Amino acid sequence: MNILCCFKIVSDLDLVMERDWSSADVSGVDLSYVKKVISCFDEAGIETALRIKDSAEKQGETVHITAITLGNGKYEAFFKNLFAVGVERILQGTLSTERLFSPYMLSGILSELAGNCEYDLVITGMQSADGANGLTPYFLAERQGIPCINNVSELQYTDGKLKVTCDMGNGVRKATVHTPALYAIGNSVNPYLRMATLKQKLAVSKLSAETIEISETSYSGGRNAELCSLSHEKKMRHCVFVEGKTCGDKAAKLLEAYPEVVKR
Numbered sequence: 001m002n003i004l005c006c007f008k009i010v011s012d013l014d015l016v017m018e019r020d021w022s023s024a025d026v027s028g029v030d031l032s033y034v035k036k037v038i039s040c041f042d043e044a045g046i047e048t049a050l051r052i053k054d055s056a057e058k059q060g061e062t063v064h065i066t067a068i069t070l071g072n073g074k075y076e077a078f079f080k081n082l083f084a085v086g087v088e089r090i091l092q093g094t095l096s097t098e099r100l101f102s103p104y105m106l107s108g109i110l111s112e113l114a115g116n117c118e119y120d121l122v123i124t125g126m127q128s129a130d131g132a133n134g135l136t137p138y139f140l141a142e143r144q145g146i147p148c149i150n151n152v153s154e155l156q157y158t159d160g161k162l163k164v165t166c167d168m169g170n171g172v173r174k175a176t177v178h179t180p181a182l183y184a185i186g187n188s189v190n191p192y193l194r195m196a197t198l199k200q201k202l203a204v205s206k207l208s209a210e211t212i213e214i215s216e217t218s219y220s221g222g223r224n225a226e227l228c229s230l231s232h233e234k235k236m237r238h239c240v241f242v243e244g245k246t247c248g249d250k251a252a253k254l255l256e257a258y259p260e261v262v263k264r
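So the sequence shown is numbered by my numbering: it starts at 1 and just counts up by one.
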């Protein structure tokens with residue numbers, strides 16, 4: 001079984017100070033002091049692939065995982081951990097500039113890097129933490145000629161079949177998939193990537209990612225967006241304190257004030 005994982009390494013936006021968001025302009029937010037992480041949905045996607053590999057190998061199958069990322073940074077520490085936990089091959093496509101809002105272009109590059117190898121399944125995050133357009137998985141699936149299953153929360157491999165669970169907003173949908181497909185991982189039941197032991201890291205110390213320089217002019221076209229402005233949305237909360245001597249008095253006032261929300 002061949003599995004392809006697409007992931008992105010981004011700045012940890014949870015660590016950005018509020019004043020930097022407030023002073024941001026079209027040039028972007030100062031992220032120089034923020035550490036890098038694998039985008040959250042992509043991290044869950046890689047862990048999902050590793051769990052499928054674990055299950056398939058217990059059933060006597062051989063599984064190969066290839067991972068692709070785009071970016072110009074030096075991400076050797078991330079790559080070493082991925083090699084150590086079970087990813088066999090990593091491709092890094094280098095771009096001249098950061099592309100946050102160009103899903104059509106990025107899907108073309110990812111598809112080209114994937115090559116002619118036939119993958120039994122492709123796993124991505126449903127969106128990146130920074131661009132967050134949510135379109136790249138669909139474009140990539142279209143280019144690969146396979147269906148796209150979005151907002152996947154769990155994938156299980158049993159007897160040569162994939163059982164997929166998707167979050168539908170008002171419930172979950174479960175299905176058994178027999179054909180190659182792209183799975184865009186959302187709020188996964190296994191959101192965190194496992195950590196490698198020192199022994200595992202030493203065993204792959206000589207492995208390195210393959211770096212490929214990308215000519216972006218070959219992937220023009222599509223509806224790419226350009227960042228024109230950036231502003232910080234201030235969220236205000238208006239609280240009302242319910243008066244009453246006892247909990248029963250307060251509950252009665254809530255029932256009287258919000259009969260359509262609080263059911264008797």
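Because the hints were derived from the structure by calculation, they are not lab data.
Just so it is clear, the structure is predicted and the values come from calculations on it, not from any experiment.
Check the hints yourself; a few may be wrong.
[Stated by the list, open to error] Think about it this way: if two alpha-carbon atoms lie no more than 30 Å apart in a straight line, the pair counts; the simulated DSS-like pairs of lysine-lysine are:
#: 1; residue 1: K35; residue 2: K235
#: 2; residue 1: K36; residue 2: K74
#: 3; residue 1: K58; residue 2: K201
#: 4; residue 1: K163; residue 2: K58
[What the hints assert, rightly or not] Here are the computed distance ranges between Cβ atoms for each label pair:
#: 5; residue 1: M236; residue 2: E98; range: 27 to 35 Å
#: 6; residue 1: L207; residue 2: L31; range: 25 to 33 Å
#: 7; residue 1: R89; residue 2: K163; range: 22 to 30 Å
#: 8; residue 1: T94; residue 2: M236; range: 36 to 44 Å
Heads up, the beta-carbon is just placed ideally off N, CA and C, and yes, glycines get one too.
Q) Which earlier hints turn out false for this structure, listed by number in ascending order? A) Result: no hint breaks.
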